[in-house]
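**Q** Take the two lone chains, each set in its own frame, and fit them into one complex as the hints suggest.
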Amino acid sequence: MNKTTRREFIKKSGFTMLTVGLSQQAFFRSMNMAASGALTQAAALSANDRIFVVVQLEGGNDGLNTVVPRGGSLRSLYEQYRKPTLRIPVADLLPINNDAANNQLGFHPQWTHIKSLYDQRKVGVIQSVGYPNPNYSHFRSMDIWHTANPVGYDTTGWLGDTLDLAEPSNTNPLIAAAIGGSLPLSFVARETTVPAIGNIATYRFQTDTRYPADAQNRINAFIALNQEGAPLRVLVEQIRRTNLDAFASQETLQAGRARYDDGTYPQPPPTYNQANPLARAMQQAAQIIAGNLGTKILHVMLGGFDTHEGQATANKPLEGFHALLLGWVSEAIHTFLQDMKRMGKDDKVLLMTWSEFGRKAPENGNYGTDHGAAAPLFVIGNSVKGGVFGEHPSLRKSDLYPDTDAMKHTIDFRQVYATILEKWLAVDSAEVLGRRFELIPFL
Amino acid sequence: MPLDERDKVAHLLRRAGFAARPEEIEAGVARGLEATAHSLLNFETTPDNLDPEPPGLNQNYQQNNQAGPPRGFENFALGWWMNAMIKTTRPLQEKMVLFWHHLFATSTLGVIDPRQMYLQNQLFRGYFNPLLPSQRRTPEDTTSPFPVGNFRNILMWLSRDPAMGYWLDNYQNRRKDNEVGTNENYARELLELFSMGVEDVVAHVPNYTETDVRQLSRVLTGWSVLPVDVRNNYPPVEGQPNNFPRWFAFQPTYGRLQITHDFGPYTVLGVTFSSTGADTQGRRMFDIIVNHKNPGQQQSACGRFLGYRLFQFFGYDDPEPEVINALADVFDKGTPQFTIKNMLRAIFIPGSGIASEAFYSEKAFRAHIKSPTEYIIGTYRLLKPTGYTLNYELVTSNDGLTRLNSPVSLNLTLTFANQMGQLLWRPFDVSGWKEGLNWINTTFDLARFNWAKGFVSEFSVFQQSRNEPPVEQRVPGELTTEAVRTLLVANNAQTPERVVDFLARLLYQVPLSNAARTALINYLRAGTDGTPGTFPFNINNNVTIDNKVRGLLHLMMTSPEYQFS
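Chain order of the listed sequences is U and L.
According to the numbering used here, the stretch in the first sequence is residues 4 to 446, in order.
According to the numbering used here, the stretch in the second sequence is residues 5 to 569, in order.
DSBU-like mimics (lysine-lysine), calculated; alpha carbons at most 30 Å apart, straight line:
{"no.": "1", "chain 1": "L", "residue 1": "K180", "chain 2": "U", "residue 2": "K411"}
{"no.": "2", "chain 1": "U", "residue 1": "K86", "chain 2": "U", "residue 2": "K319"}
{"no.": "3", "chain 1": "L", "residue 1": "K180", "chain 2": "U", "residue 2": "K400"}
{"no.": "4", "chain 1": "U", "residue 1": "K348", "chain 2": "U", "residue 2": "K118"}
{"no.": "5", "chain 1": "U", "residue 1": "K125", "chain 2": "U", "residue 2": "K348"}
{"no.": "6", "chain 1": "U", "residue 1": "K426", "chain 2": "U", "residue 2": "K344"}
{"no.": "7", "chain 1": "U", "residue 1": "K319", "chain 2": "L", "residue 2": "K180"}
{"no.": "8", "chain 1": "U", "residue 1": "K400", "chain 2": "U", "residue 2": "K319"}
{"no.": "9", "chain 1": "U", "residue 1": "K400", "chain 2": "U", "residue 2": "K86"}
{"no.": "10", "chain 1": "L", "residue 1": "K180", "chain 2": "U", "residue 2": "K86"}
{"no.": "11", "chain 1": "U", "residue 1": "K411", "chain 2": "U", "residue 2": "K426"}
{"no.": "12", "chain 1": "U", "residue 1": "K86", "chain 2": "U", "residue 2": "K118"}
If you are wondering where the hints come from, they were derived from the structure by calculation, not from laboratory data.
Extracted from the complex, chain L is given alone in its bound form (with noise of 0.2 Å):
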């Protein structure tokens, strides 16, 4: 059965974004499937709604005799993140943010200062310049690629970007010999993660060999970071504080005498030039990566990994050829050529080709599994908690310094993420995350359970110490028994089976099958011996609420249908 006009609604804000809610699909009917997905992919037109930066970026910890950002920085930076998914009033930017984390994917493991996974984030959305120490955060800076610019500029701009230095150990990089600089990490991950693929994916023939990978380390010598190394404790740059913030610099030489960029000449995929002492000739390895074809193929190497990942992430996984050749020719013909928002147009736009056929099908409609990030921030986005904070609170203690605070919400919600399978910003390797039946294993399953469990009543969190049984500490979840009897008050629902029936709209936007309508039903109303039909079943009562629909919505959440966007 093709979806109808509210189907496609649905789906492209699940997609697009993070959550449907009904009154969101009600508006994306009132305005059209095509207008929904234009204002999705112009957000720049929608002013943005996010926190104040987390504080203590610029603060001089070392002043304060304190060697690095708080404890827990990055849990609270990652808190700030997360409420700019909840609450976004551009849900396809932040998304992509998503996306570029899924394919660049950076540890804070690698990145010694967390406060620089934090610039990260910014830069992926757009709003970092790490040519511009002094101006961190350019939101009117116009010339940031990201996140839906020109790829060959991304990938420049990611290769300058200081976190990445650092993970990848390219600010180590320096000239060795003729065939390789000191560090080919970021040079092979560059080719294999980041643009092409050891593989072309539709042709299934090498992209390039070990040669190009050595080369590429050579021509990426001196691609550094300023300080070089805050562990052996460089002195202050002047005008910034103690070590921070750290921003990209091309460094062809090192102290007085020593030489550390290679000046070529490089022979990358069969392109051979110099470079000029200056990172503007390292630069041409990017245009010779995005516009690389191999012998007898159509589209580029480049325009098919981008085609075939976009289309993973929004789409359904492994997309066929057609589909794939279709975004990748966009990209390489499309005006401007690279241009990642000429790609999401071609899956998102109605009628605008194979792409967007394919993401309007009934195959791709409810078969994308959620990632744990899409789990945690669509239930937020759909059950919206009140008084609900994953953000961080400012405390200032005696001895007159600023500490954070997390809430318990935030601890356990990234507790729980790493028990997914996702904690953001810790992807397992440096490929980052598998999506699809990746997410799904039993581990993983039963930790989606107990957050919603959590979520909507009373987390249970186990505590073990060396050798002891774990110790069990409850602690409240995200709603009060009053936000859900308002729920389902102002959406007419009181009985089992209009309760049941209102919140398969909210959580999964389509019917349930009979089957499962008639387990939810038979739930609500079995006593609690177990007798079928004997629950007193009353939403002025607290304990309906409290047991049966809290019981209800952990239910709904561990559904299979619940694991489908």
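Next up, chain U with everything else stripped away, as it sits in the complex (with noise of 0.2 Å):
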């Protein structure tokens, strides 16, 4: 692919950089100008105005105790693996329709909204994903989801590479972005940066207050600093691009957030729970999808689902860390699509979780399970055709790993990205995957 980024369709342009004393606003708009008159044609632009929102559950979520036996051999054996400090009794389960293999099952008890969602069928429940040779390390494991390749290592990840498929041309700094502090590695791309958006209150660039005259100086010279002259090595390059990235990114958010709430559309938004760490992340998403600034692709996570101990608390097994997450998960992303909904966004959002691996199938003997391979995935959104995919991870001894007891995966996690690539995004999945999987018919 002969991809051509914003520094080099600038210069292609006839577009010089910018002068001490041009002011940012004029910089940029003549760099937009000079994007829309230069490459337009060029573009291949995404048809459509689809989001699409990640929510990373970080640490390897325990699948077994998320999608839950409720009867036959499968419940026996997860008695066995379970034992009652972290075993779901069947009368708290949220009952959910039978697996392909007739497997009754059922969400833990702290998922209502969920459940909700789920008889709207508005949720696709994705059986035993996972690849391949499960690495049972969080920070390999992770990186293979980032990158979508389960043997090689790539420096690039599959959502950073779905933009510069789709959006070769893009001048649009928040495209899309990472709800968090850190960069997911998904989003690293060759050509489009993205954005991480710690909160947005403070994601602003600040001149002296005092000195309001002179902050237009400021910025100029900011500007002029990062400004291309000679040819540096590209570590300075990277990182003047990702300041220039970072002004005009806060810029267009600042412009942007405020018509989450100045009437734009019908108030009051939904309240989001703040001692939700997911549920502050999703509002953040949420105010940004307000700005209708283009953005295509949200990442938003929440940490803490490496289990080890306590995840039960001791013979309660209702309660403790893991149905505390699942809850905030649960809450979250319900109180995100009401929101969706009052901006009239519901039928343009499509959400999916991930962790990076689940976790064994006995638990640990401290309350706890280590790490483990495949779990359910969830597709969430109006446009999802809602039910159970695939069937639940066998639980016979001989069918788990022998060195790990962990459950094996039917289906590859590559199969619901190039799902998602083709029927949502409108990008050809070999493109960004490598080769074509078989898709699964949740859209």
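**A** Spelled out as structure tokens, the structure:
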């Protein structure tokens, strides 16, 4: 693919990089004009205004206690592995459809909101998702999910590759955003820079408020310091580019964020529980979406799923840290979708959860579970064809990985990616994933 | 262009420490590069200048009807550490404390009592012995392998560190069956994150199997802490105030009947051995780890792992295999074996081989992206604000209890450090922080810029309450107008050109590019209406210092050049 960077096309289009004294608004306006004038015809802009929200459950979610066997032989095996300490009683489960092998299943009792969405057929439960030769390292396994490469080492992520492919001449500094301090590897791209937004309130370039008249001078000088000069080392260029993107994206963001509660949409917004870190992140995502800034992909995350100990409270399997986390997930997604409905964007949004692996079938004796492999993944949205896809992983000892007691996958995570790329983002999945995968009919 | 002697000295001071002020560079040049490197390496010969330990370490909070240390103790202890980095007379020792925290990243979130984090910090400095409950701070105790001693012993001491025991759950690891202990968390990270990596960093072959992880978790059963679980209100340990300090204990049994230690035999990395019921046999596993070589490889996996991590921390990202292997050879075959100081010598002493050639190369020069900690500490060391304090204050209130007040500057610095991506003692996850370009993204950038603005002039802090727009609060920065003027006058920098040149020498230690220099001079001269050349620049005028020179410092700290060490 012959992609043109934002910088290259600015050069090609004959636009001279700013001079000191040119206001930053003028600079970015000129840059955007250069973009629309020189390259519109070359831009293979994606034809839809859909938004994809990725929800990362960091640490390895215990899938077996998220979608839990309710009956049959699967249930009796579950009860062997999960002693009363971690065993969710049948009576407390929120029943969902049987899977393709007719296993009776239910959601963890904390998932009341997700269950309600499921009943509206807006939740796809993709069973037994994983990849061959599972890697039990958090970091290697996360990299595999981020890069969609279970074998080699890639330096770019699948979402970044998607943006490079679908938006080759992108000039929008908020084409995508990660909510949170750091940028996930899935967003790293060759050409596109994606901002990480820790907190919208602090995501702004400050000058000295005591000298407002000098602010523009300072901004001009900042831009000049980051302008292209003699070719320097790659690292310096990357920092310059990120510096400029930081400035451009905060300007766009601060302008767009105001639309969230300025009356553009019906008021008031739903209340996001500020004690729920995922809800706080999704509120920020909603504020970006409200700005109509052309943002196509958002990434939010919730940590804490590495539950080696204290996954549940002693003798209270319904309480404890995992229950708290799952409750946060359910509540945050529910509030976010209410907010999308308020903005009239609920048909435009698709969510996908993922975690780097599930946990082992047996608990470890510390009210916890060690690193496993396959686990369910969830896709949520008005456009989702709800239901259970695939089969719950077998719990027979002979079907577990002999060295780890981890459950085996039947659906490759890249099948989910391919389905979303093809059916939601309208991108050729083979270009991103390197080959074709069988799609899953949830869209 | 090869580096000259002055560049090399400045480079060494920046990397083996936290900054290089002009007078430090001059002293280093006068002394010679090699002698400067030796002096940094042999830091024991310089007296340390640490502050007294944070108050409250020994306080019996239960007697005062308090469940733990004062709220915010973590911040005070972090302030203590940051002051140590700012003021240290032993820069390389402090830099190694930071290195070990990067490598053995532990989070307060899992450690329960933040006082334990302070003790771990002392462990990394070489001043805490987890086997000696009555003598926690032991600068005279030369048995500690930290921070630059034998890595085999460093791993053993780490495995006995109570903070680590809590953080990675090994204090709960008990006998389970012949394959595995009840908690494999520490065993896995000991191999993956602390000693070898999932794969050999050069040959990219797997270093160990899942079976090794499980076998190792058996070896580590019973490596615990006393008391075992503070959350369950264990009775006070004799001679110790309530639940603190906690120290390492090997507990082969628990209660009257329960045997918690698995006596083996185990097979780890192809070596089979048994336990005798003391942790002495368990210590064999550290020999096995540091000696482990994959088939067909000349160097140990551990030596390569450490060679990679040390060079990445002090030199540049993704060092070449030859550099890694050279450092691994020093690890494997140096005298004595497995010694960190020998590896550091191979990097810092000029002429000692390929690692030092790489370290003093053009490729390495100003090519390391400062971590947030290096950015903050370096700024303090370069600009030396007067009257700053990141230290706690002790306040005795009416009820007779001693409380700790933390200064605004400390709280703000920690808030911004967090936004820059590195709040010490709160690593994002068990792998610590990813360095290099991972320090740079739009959010981290803005946090750097806004901290810089606050430091040199005035902080703007946004307090956001539920569903309300953020409220701006303004807090004075760290530099007084008079301090800035004194600095300029003392260095004969009174015109825009001289101010820019002097501050570039101070902050970057290299000249600016012509374009950057012009942009900064134009800024100093631009009138408040934007007209070029109309600002009445006069450093005797407070507005000149307060607006323009502070603005210049802010800009210089946002520039690409300042992000590099």
